[in-house]
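On the provided structure of chain A, position chain B as indicated by the hints.
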Amino acid sequence: MEVVPLRYYGRWITALALGVVLAGLLVSMITNPRFKWDIVAHYLFDDSIIAGLMMTIWLTVAAMGIGIVLGTAVALMRISDNPVLSNIAGGYLWIFRGTPLLVQLIFWYNLSALYPQITIGFPFGPSLGSFDANRYITVYVAALLGLGLNEGAYMSEIVRSGLNAVATGQREAAEALGMSRFRVMARIILPQAMRVIIPPTGNQLIGMLKTTSLVSVIALQELLYSAQLIYTANFQTIPLLIVASAWYLVLTTLLSIGQYFVERHFGRSDRRVAAAPDVAIESGK
Amino acid sequence: MPAPADSRDSLESFAVVARGVEKSFGSHKVLKGVDLRVEYGKVVCILGPSGSGKSTFLRCMNHLERIEAGFLRVGGQLVGYRQHAGKLYEMRHSEVARQRADIGMVFQSFNLFPHMTVLQNIIEAPIGVRGIPKRQAIEEAMTLLAKVGLTAKADAYPRTLSGGQQQRVAIARALAMRPKLMLFDEPTSALDPELVGEVLAVMKGLAAEGMTMVVVTHEMGFARDVGDSVVFMDGGVVVEQGTPSEFFDNPRTERARAFLGKVL
Chain A
1 MEVVPLRYYG RWITALALGV VLAGLLVSMI TNPRFKWDIV AHYLFDDSII AGLMMTIWLT
61 VAAMGIGIVL GTAVALMRIS DNPVLSNIAG GYLWIFRGTP LLVQLIFWYN LSALYPQITI
121 GFPFGPSLGS FDANRYITVY VAALLGLGLN EGAYMSEIVR SGLNAVATGQ REAAEALGMS
181 RFRVMARIIL PQAMRVIIPP TGNQLIGMLK TTSLVSVIAL QELLYSAQLI YTANFQTIPL
241 LIVASAWYLV LTTLLSIGQY FVERHFGRSD RRVAAAPDVA IESGK
Chain B
1 MPAPADSRDS LESFAVVARG VEKSFGSHKV LKGVDLRVEY GKVVCILGPS GSGKSTFLRC
61 MNHLERIEAG FLRVGGQLVG YRQHAGKLYE MRHSEVARQR ADIGMVFQSF NLFPHMTVLQ
121 NIIEAPIGVR GIPKRQAIEE AMTLLAKVGL TAKADAYPRT LSGGQQQRVA IARALAMRPK
181 LMLFDEPTSA LDPELVGEVL AVMKGLAAEG MTMVVVTHEM GFARDVGDSV VFMDGGVVVE
241 QGTPSEFFDN PRTERARAFL GKVL
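Chains as they are written, first to last, in the numbering used here: chain A, 1 to 285; chain B, 1 to 264.
So that you can see chain A by itself, here it is in the shape it has in the complex (with noise of 0.2 Å):
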């Protein structure tokens, strides 16, 4: 008998009405000249607005690079038997989630209007040295402290409910084997928390990526600095904003992929695919 698969004239519907808004969008985009195309095709590759592209790339490896390492040693803070350690890991989170990146940024950068002249050394003690805070906390400076700090904290919660994650068992399981705490730590949990961490810290970099936009703020010239830069003299705005922003997109969607890849890695002891067959052949003995 023939078998008639059920219609779903719903979606085909839907689908029309929408694909009928997109083409519609799409021809406007197109045919609207104040895109500017060809403007946008002429500063896609301009030099200063790759530079900016690159200062992006880096700003954002490395306050994430600052905040995984500051993010995984407060999360260890936080969860020390040490009370004073836990307490100031809890307040440097209390402030840096607390207040607006943005606001964090300007501070730093205004640290030297607090801090003319800062000393390394004991308070009240004997000084290591100082330096000149203007010539030292530059925009790089603040802006890596501000991005930094603030990634630190947010990545702090990830790290920690990663390492919650990881059962009780585990732990007492490695420690009846004689492991020391550091290799507990290292060898046992932190792998198995890992599975819980790359996810969100994946999400993080992305964000983090967009994110450095903030500093244009404080005239660091990533990305989209550069391209204002280049509107506040041409007054070319729409078209350098969609160069900006096709460059964001070009990012978001590498890593994206790259976060794919990442995850599978880490997840490898979970997949049971390739070990199904043994599993079936050892009960049947």
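Incorrect hints may appear among the rest.
[What the hints assert, rightly or not] To list a few chain B residues with every Cβ distance to chain A over 10 Å, as calculated:
(1) Arg66
(2) Ser94
(3) Ile103
(4) Met105
(5) Thr151
(6) Gly221
(7) Thr243
[To be verified] Rough simulated footprint, nothing fancy, chain A against chain B, three-plus residues with beta-carbon under 8 Å:
(8) 40 to 54
(9) 112 to 120
[Claimed, not checked] Derived Cβ-Cβ restraints for the label pairs, each shown as a range:
(10) Lys134/B / Glu263/A: 53 to 61 Å
(11) Ile79/A / Glu254/B: 46 to 54 Å
(12) Val237/B / Tyr260/A: 54 to 62 Å
(13) Ile79/A / Ser94/B: 33 to 41 Å
(14) Gly76/B / Tyr115/A: 57 to 65 Å
(15) Ile106/A / Glu68/B: 34 to 42 Å
Since the hints were made in silico from the structure, they are not lab data.
Note that CB positions come from ideal geometry on N, CA and C, so glycine has one too.
Below, chain B without anything else, positioned relative to chain A:
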């Protein structure tokens, strides 16, 4: 605080000496003065209803739980304390770790490391804790895997193994540290009934080789056949202790009779 040792208890022939061991969780007292002696080369099975404190007591022997009062000596050393000039000094984590390295432990829920293969699970501690060269560690691990009948599974991840296989790997992992004493915390309780036998067979083999074993279990058959002595705990104390035949055939206390009436 644990009481200092007397000379009677430092006898070398005992793997475990416990006297008046107490432990509470919050306001709930789980161990109310447990006494026990385990001779080297013997298999002691601890039986008792759930909540009797038997697992907690076993975990104390490995310092996974800290005792609050009494005296607990394992492998000739106080657990978690150093005795010096009439005082007890709490040990550093590294010293506790050294003690634990000589005590094998097998858990109810296996607790294999899921991110490592079977072989990696077994060689991790011998290499990292004992400093054995990798090649030798692998060789020894393969011998142990042969012993528990899982040579073919060396490169499998724990998740792909059945519960019985996982527990056999866990036993091999503990043995790889060449422990003087093996602690089993309800090793078959999480297993499907048809998988219990393979784990008990491995444990039986160990007992036959003369391994000192303390086994918290609900497997009465194992306790009767393999145990050199049986300890019955209830309400945080040792109620009865004796050879398997004494305990199973002629329980002295009402509580032991009631327990056996329910489980046999």
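Each hint tested on the structure:
1. Every CB of chain A lies more than 10 Å from the CB of Arg66/B, the least distance being 13 Å, so the non-interface label holds.
2. A cut-off of 10 Å between C-beta atoms contradicts the statement that Ser94/B is not in contact with chain A; the least separation is 6 Å.
3. A cut-off of 10 Å between C-beta atoms contradicts the statement that Ile103/B is not in contact with chain A; the least separation is 7 Å.
4. Separation of Met105/B from chain A is inadequate, the least Cβ-Cβ distance of about 4 Å not exceeding the 10 Å criterion.
5. Under the 10 Å C-beta cut-off, the non-interface status given to Thr151/B relative to chain A holds; the minimum distance is some 12 Å.
6. Distance to chain A confirms Gly221/B as a non-interface residue, since its nearest Cβ pair spans about 23 Å, more than 10 Å.
7. No beta-carbon of chain A is positioned within 10 Å of the beta-carbon of Thr243/B; the least distance is around 29 Å.
8. Restraint check on the segment 40 to 54 of chain B versus chain A: 0 residues with Cβ-Cβ distances below 8 Å, three needed, restraint violated.
9. With 5 residues having a beta carbon nearer than 8 Å to a beta carbon of chain A, the segment 112 to 120 of chain B meets the requirement of three or more and the stated coverage holds.
10. Range check, Lys134/B to Glu263/A: about 30 Å between beta-carbon atoms, so the 53 to 61 Å window is missed.
11. Remark: the range hint 46 to 54 Å for Ile79/A to Glu254/B is upheld by a beta-carbon distance near 47 Å.
12. The hint said 54 to 62 Å for the Cβ distance between Val237/B and Tyr260/A, and at roughly 58 Å that hint holds.
13. Checked against the hint of 33 to 41 Å, the pair Ile79/A and Ser94/B fails, with Cβ atoms roughly 20 Å apart.
14. Look at Gly76/B against Tyr115/A: about 60 Å separates their beta carbons, and that is inside 57 to 65 Å.
15. In this structure the supplied range 34 to 42 Å is violated for Ile106/A paired with Glu68/B, their Cβ-Cβ distance being about 55 Å.
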